Amino acid sequence: MSVSKKILIVDDEQDIVETLKFMLEAQGYECFCAYDGEAGLSLAKEIIPDLMILDVMMPKINGYKISRLLKYDTKYKDIPIIMVTARSQEDDKIIGQETGVNEYITKPFELDEVISKVKEYLDK
Amino acid sequence: MSKILLVSQDTQQKELIVNVLTGAKSSATLITSVDESAILNYVEKGQVDMVIIDEDTTSPDTVILAKKLHSSAIKENVAVAALVNYDTCNTDLLRLANVYITKPINEKILCSCVNGSLKLKKAIDTLSTNNSELAKSLYQLDVLYNTSMQLAGSLDKQKLINIMLDGLEKSLSFSLSYILVFNDEHNIDLIINSLYNISPRLEHSLKLRAILSYRALFDKKRIPYNLNVNDIKVIKNIKHPIEEYDLNILKFDNLFAPINVGEKFFGLIEVFRDSDFTQEDTTCFQTLSRQVSLPLENASLYEEIKNTNTKLERLERLKSEFISIVSHELRTPLTAIKNSLEICLSGKAGDVSSIMDNFLNMAQRNVTRLSGIINDLLDLSKVEAGKMDFKFEKANINTPVEFMKNTFDSVAKDKNIDLILEKDENLSLTYFDNQRIEQVMSNLISNAIKFTNENGKIVVKTENINEADIDKSLIFGVENPVFYKHYVKISVKDSGIGIAPEDLKKVFDQFQQIENPLNRKNGGTGLGLPIAKQLIEAHRGFIWVESELNRGTTFSFVIPVLSEKEKFIIDMEKDISKAKSCSHSLLLLLIEEKKDAENSFISKIREDKISIIRKTANTKIVYYDEDDNNYLAILIPEADKFAQSFIEKKIESFVVDEQDKEKYDILYSTALFPDVGNSAQDLMSSAKKLLKEKVEA
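Each protein sequence line maps, in turn, to chains R and F.
Taking this note's numbering as reference, the numbering of the first sequence is continuous, increasing by one, and the terminal residue is 128.
Taking this note's numbering as reference, the numbering of the second sequence is continuous, increasing by one, and the terminal residue is 698.
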């Protein structure tokens with residue numbers, strides 16, 4: 005692997021970001037982190053990651069809004085987005101469809117589950 | 002004693018008359034006058050009972066005087082007698098007088114004439130007094146009746162008091178009234194209704210008077226509240242603020258009554274009036290003040306119930322919200338713990354000794370258990386709040402049952418339990434949510450494994466049953482259960498420790514885990530079965546349990562086998578209850594087609610995917626057979642009268658467009674919620690009725 009794939013994790017829960025980062029880096033991905041929606045959005049535009057892991061409920065800009073903003077921009081619309089939510093999936097999937105979210109993971113999640121989903125998108 | 006006014010200038014005659022009338026045979030007082038204005042004044046004010054006019058009086062003119070007297074004499078019921086000369090009497094005077102006496106005066110005739118007139122006057126007076134009293138009583142009765150009618154129709158405290166006051170004012174026309182109303186210990190209203198303004202010191206003394214009257218009602222030791230002047234809030238209604246009442250009003254005649262029902266005390270009322278109250282007034286007052294008590298008691302009871310109800314609703318909502326928020330908040334830290342454990346266990350963070358691995362696994366197991374508990378809590382709060390979304394699909398329930406049985410095969414094997422599935426291969430198709438039925442099955446099978454000792458046996462069975470096969474005595478905790486003809490029954494029978502008869506009813510209660518020696522070991526939230534009950538009931542099914550201590554337990558549930566039409570009506574009811582809460586309307590379009598129709602219009606519409614109808618995401622379409630006819634029922638949410646006529650026109654034009662209208666043997670009708678019916682059955686039957694009318698027409 006010449007250049008490792010870039011993953012952006014946006015979640016206001018630092019502990020969750022850290023564990024995710026650890027496991028993804030162990031898989032050989034390069035990880036970037038942001039702890040609120042605003043920082044996440046600007047970082048996404050700056051680094052143009054290969055994949056994003058987004059939390060729904062965050063300060064400043066929520067996950068759906070970020071997803072919508074990126075998916076409507078031709079420059080970023082191809083970035084796969086995995087949404088992490090503490091709410092029930094049924095509620096979220098409806099909103100998610102409209103905002104272009106690719107995958108859902110409900111808290112509490114298994115790290116293996118996240119990694120296999122990430123691989124699905126990045127190791128094609 | 003009667004008063005007689007004599008108008009005469011003849012002094013000799015005057016003396017004679019005075020002698021006769023004030024003598025032994027007639028005891029009247031006699032006054033004489035020839036001053037016209039004085040005479041008129043006497044009569045107008047009704048100060049005399051009789052006037053005797055001598056024809057020979059020259060001044061004033063007797064005829065003119067008689068004319069002037071005439072109307073007020075009738076009004077005040079004053080008898081007018083004329084003293085006339087037999088031959089030359091004036092006919093005008095004779096006409097105007099009630100009675101005449103000829104001159105020269107015969108004492109006896111004069112006497113009987115005057116006495117007769119006076120007696121008549123007295124009789125008429127009595128009659129008119131009686132009459133006016135009767136009219137007043139009648140009016141009071143009318144007011145009483147109206148007031149009691151109004152009182153019976155209200156549950157609002159303030160309104161009740163106003164109605165009573167209105168009734169009192171109409172029937173008694175009092176000058177001032179006050180009502181002391183007890184809302185609670187430090188919230189007491191003094192409502193003063195007054196004709197005129199009230200001076201500040203009168204207001205203060207009314208407060209004190211009210212308190213004193215209140216205290217006087219009770220034994221010293223039994224006073225319900227200790228009243229303080231500062232706790233009293235005065236509410237004043239003044240009719241004519243032009244004048245002012247002062248303390249002198251307290252000298253007016255007054256009536257007083259407490260307002261109470263038995264031991265329950267609501268307040269007291271006192272009214273003042275410048276004229277004295279009669280016996281009838283008193284009765285009226287007492288009746289009214291008594292009549293208001295009962296509705297007041299109802300009102301206060303109603304208020305209590307209402308308050309309790311709102312409180313309960315609030316608590317219920319708070320509980321649901323609390324559970325939901327707490328569960329969400331718990332999930333995030335739980336995820337971090339779980340992730341960390343996973344990293345450690347993966348060995349990627351460094352070597353893990355076997356002892357560490359053992360404890361890390363233990364931590365992980367318990368985190369998994371904890372998240373299961375949180376999920377249970379969330380599920381329950383959701384299903385209780387009616388926020389759980391179900392995806393009902395028509396399918397064979399054997400599929401989720403078999404899937405769950407297979408999932409637990411290895412767990413059962415670990416305990417050396419024989420887990421058997423006896424499925425009916427010809428099971429009817431039912432409407433159910435696959436994920437939820439899996440959840441229920443998982444709960445029942447894992448419970449069975451938990452409570453069955455090693456080498457035991459668990460049988461999972463599915464079968465078709467009828468309503469009559471259900472032992473309804475086993476079903477409880479369901480309000481107004483509705484049964485359908487056919488069901489599929491799923492049962493999980495174990496050979497476990499069993500449940501004591503007294504505990505059987507508790508198993509579906511929240512947080513109830515029946516005391517048993519294995520309790521500790523078995524863990525769990527005790528929420529699994531309550532959730533299962535709610536989930537099954539959301540499917541219109543029932544769940545129940547039968548058990549024998551130390552022999553085993555059988556949990557069974559049934560899901561109704563619904564016809565398309567029944568399912569449609571259930572969906573309709575759900576839509577109606579949704580529509581009720583936000584006042585949306587719903588439109589039912591019913592199309593009927595004879596079974597032997599040459600060309601099926603219905604299938605054509607279906608093929609066209611109901612393109613002729615305004616179709617929204619929530620439109621429900623059902624096709625069913627009944628009495629040799631085919632029906633297509635379409636439920637369109639948020640459709641109004643406009644949409645109704647629009648759809649009718651569309652169908653009309655669709656039929657007309659087809660070259661031969663006769664080919665399509667169809668009829669259609671619509672029913673609108675809530676205009677036509679408030680329930681699914683209502684809508685269906687009124688749509689059917691319209692169809693029938695069209696057939697007949």
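In case anyone wonders, no lab produced these hints; they're calculated from the structure.
Keep in mind that this is a model prediction, so the values were computed, not measured.
Keep in mind that a hint or two might mislead.
Mimicking DMTMM-like on lysine to aspartate or glutamate, the simulated pairs with C-alpha atoms at most 25 Å apart in a straight line are [unchecked claim]:
hint	chain 1	residue 1	chain 2	residue 2
1	F	Lys349	R	Asp40
2	F	Lys595	F	Glu694
3	R	Lys25	F	Asp352
Consistency of the hints with the structure:
1. F:Lys349 with R:Asp40: violated, 28 Å
2. F:Lys595 with F:Glu694: The given pair, whose Cα atoms are some 16 Å apart, holds under the 25 Å limit.
3. R:Lys25 with F:Asp352: It holds: about 20 Å lies between the C-alpha atoms, which stays within 25 Å.
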